[in-house]
Every structure is written in C-alpha cells, then in structure tokens.
Amino acid sequence: MNSHKLVKEAQDFYAAEAVTRLERAVEYATKKHAGQKRASGEDYITHPLSVASILIDWKMDIDSVLAGVLHDTIEDTTATQQEISELFGDQVGFLVNGVTKVSKARSGMQDLSTYLPSTKDNVAKLLIAVSQDIRVLLVKLADRLHNMRTLQYLPPDRQKKIAHQTLEIFAPLADRLGYGRLRVELEELAFQYLNPEEHNRLKKMLRSRLGKNQLILKEIEQELSKTLDDFDIKHTIDGRSKSIYSLYKKLRKYDDDIDKIYDLIAIRIIVEDKATCYNVLGLAHTMYQPLLTKIKDYIAVPKLNGYQSLHTTVITPLEQIVEIQIRTKDMHEHAERGLAANFHYNEQKLTSNYTERMIEEVPTNMQWIAQLQDAYSRLMAGEDVNPGELSVELFADRIFVYSPRGDIYELPAGSHPLDFAYLIHSDIAEHAHTFKVNGRIAAFNKVLQNGDIVEVITRKNVTPKSDWLEYVSTSRARQKIRARLGITSAKH
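Residue numbers (my numbering): 1 to 492.
Because the hints were derived from the structure by calculation, they are not lab data. Please read all numbers here as calculations on a predicted model, not as lab measurements. A portion of the hints provided could be inaccurate.
[What the hints assert, rightly or not] What follows is a set of in silico ranges between Cβ atoms, one per label pair, in the way DEER data are often shown:
{"no.": "1", "residue 1": "LEU194", "residue 2": "GLU272", "range": "38 to 44 angstroms"}
{"no.": "2", "residue 1": "MET205", "residue 2": "GLN11", "range": "53 to 59 angstroms"}
{"no.": "3", "residue 1": "GLU219", "residue 2": "ILE428", "range": "54 to 60 angstroms"}
Think of the CB as a built atom: it goes at the ideal place given N, C-alpha and C, for glycine as much as any other residue.
Build out the structure end to end from the sequences listed, making use of the hints.
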C-alpha cells in the first residue's frame, strides 16, 4: 500500500476536506516513521497505510481512518497525543492514544495489566476496558488483520504465538462485534499457521467435494433467480463455501465424516425487506424439499451477536443438499461488517453529534460494551471489580430476554431477574418486589433462559437488601446494590 493509492481510495468515499486531512496525516506519519522497517524489509509506513485502507473498506468515518494512519506514532515515534490532537483534532488524538493503550496493555507494559490476572482472555478484557470509544477496537482489529496478512515474514515461533492469540482473542472479539467477514478471515489466517498440515488436508477435501458440485450449485442459483424474477422480486444471489476453519470445527463434532455436514455450500439471497425474506423462503420450499430440522429463523430470534437471516437446508431433485440463506441488504451489511456498519460514511451525517450517537447508541446485542466500559470506570475509581466477572460477561454464553413490551435485552447466561431489572434502570430494580417470567411469578433466584419474557413488579416501600447480592451475577447489578447499601470497596 502506498500513499497515492490510499488517497485515491479515500476520494471515492469522503469529501475533499476529509481527503485533505488524510493527506496531511499520511505526510506526518511518513516523516515520523522515517527509517523504520517492517520484518518484510518494507518501509514501516506501509503498515499504517494498509490499516487505513482496511478502515476505508469498512466504510468507517474519516477520524477512524486518520487514526489508522497514525495509530503507531505515539508508541513508536516522538509523536504525542497533544501534538496529534492539535494537528488533526481531539477525536483523532483520543483514538490514537486509545489504540496505544491497547497495545501497551497487550504486551504487559501498562500498569493497567496489574489489575487483571494474566489469563488467555486478559488481552480482550483490556481491549474493551481501555476503549471508551468503540472505534478504538475497530482500528485495533484492522491493525491485527493486516499483521495477520503479513505474518509470513516473522519467525515460526512468533507466527504461532500471534496466530494463537488471534484465534483465542481477536477472532472471538470480531464475532462479538457481529463482524462475520473479519472473523472468518482471522480464523483462516491463524489456522493455517497453527495447524498447517490439517489446513492443507481440509483445503484439499473441500476443493474435491466442491469441485463436483459447483456446476449443480450454479444451476440452482439460476433456477432460484428465475423464480424470483417471475414473481418480480428484486434480489441478488450468490454462492459461498464453508471456511476451512469452520469445516475443521464441524468435522470434530461429526467424527471427521464430511457427509454429515449439510452446509458445505450455501446460496445467499439478498432482498429488499423483511416480509420478502419470508416470501422467498416459501418459494424455495415449493421448489425443493426442505429438511424441517434445518429451518432457522434468525430474523425473529437473532444470534447473540445480532446476526439476522433465514436459513433453510433443502434437497434438490438431484439429491444435492444445499443451504439457502435469505436476508435484507441491511441484515447483510451488518452480517459482513458488524458494528462497523454503524459508522457507514455519509456526508449528510458527518457531525460530531452523529458520531457520538453512533458510539453511545450501540445495538441491543452490543450492550456488553457499555457494561464493560462501566466496569472499567469503576475499576479506575478504585472500586473492587472481580476480574472473573469481566471474563464471564465477555466470553461466556449470552442470552436474550424480552420486556413485556417486546424490547430485547442481552445478559450473560446464568443471570437472574434482578440482573435484568438493573439492566433496565436502577430505580426500577431498587423497588423490585417480585418478578414474572413468561407470565408466571418467579423468585429472585430464578435462572433466566434465552427468550424469556421478564416483568419487574415494584413496590414503593421495597429497598435493596444485602441478600440481593446472592441473586445477581452481573457486575453492574452487584455494583449498584453495593453502592445503595453503602458497602465500600477497597482498591486493588
């Protein structure tokens, strides 16, 4: 990646003023990194330029792109946050400093690392904890992606260490952010360094299996497209094969029997709106025999990372088993780019208020970000935050529960009704007398399940009690109860 190519890419998405800012940032970073080299022998500046290019591809706002160009300047050069803020704005300075903190925390160079135990997920907890602006994480993920794409230049021991960290931390983090395309690429890149023999074996197996079916798959696409055209349904359609790492995980479940895996190939149909998704599902079932146990409605009940789509597995007249995925353009955008889709560049929206709202009003499935930021703020204020709770709330299984009005709330598995109440609002929780779960009275120690409808029944004379601490599992609820009871926490 060179500066001219980067600027040309930017001109397709950003206004002239924004491109001018980018050119200034490139010039500044080039001077600061002068004389520095990468392991490949290239000038170091090629890395931040490549990171910025990835952020442009993700259609991030211009401040994020500038942060990509400048993300290593504070850590690796004489640049300071104050200088960057003066030259490129406070937002850019804040983002670059945030990425620097993440890098230092990851390498154990930051005092923050003493707050949390040295575990495999320590990095991810710190990634969230120091990121008061979620865009810091997206810049960091772009940085990791480019490093993985150029991992071949490092010694084998460093390759394996970085690949392992990527598979254990950054790929799951991309998944939690709803970024499917990024997760898949990070997994694929990491897997080929961690287990190259198995990667090559499965690559050949997949190629052999798909080679026999590509022609049939194309015919099915054409049949579906013709039917949709006959019904005047606007659509785009394409096929995709299962990733090698996903195949690896599936084969481990099925004793290495590839014939038991029904989603090796899938056809993706993208339509205009939600109602059309269901119409297309019905049409597909009139054309092909569906496997009833393989029909999944992720539109009505999204995956825990917010993914929405209809999935059905069908058998064609030639006994070909194919998965069909049906979603809207907006659903596809979020499936591909996750939270980055919230920052889709639009000149009409290029204001600080818009950007701040995008940071604050994250989707329901991203509530864990705000919860972890809150935990970090308490940590820095000297309050006692159990590191295990941070780990559970980020990496453990999640559930979605509903309010009686149909609002969706995300909680860690094992949560209780009181956790739900505190997630809604402290004033409601502090007067909780009892609860209804799916219309039935439920005790404080009721463990909530995915899809439960929870109602909080309050009374004015009710106040928090010390035994409430036994009936919550989220750090947010525990902190609110302790604060209300006047229980102080000693600093670590």
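Tested hints:
1. LEU194 / GLU272: 38 to 44 angstroms: With Cβ atoms ~42 angstroms apart, the hint holds.
2. MET205 / GLN11: 53 to 59 angstroms: Check failed, 44 angstroms falls outside 53 to 59 angstroms.
3. GLU219 / ILE428: 54 to 60 angstroms: 57 angstroms, holds
Comparing the model with each numbered hint stated earlier shows that hint 2 is the single one that does not hold.
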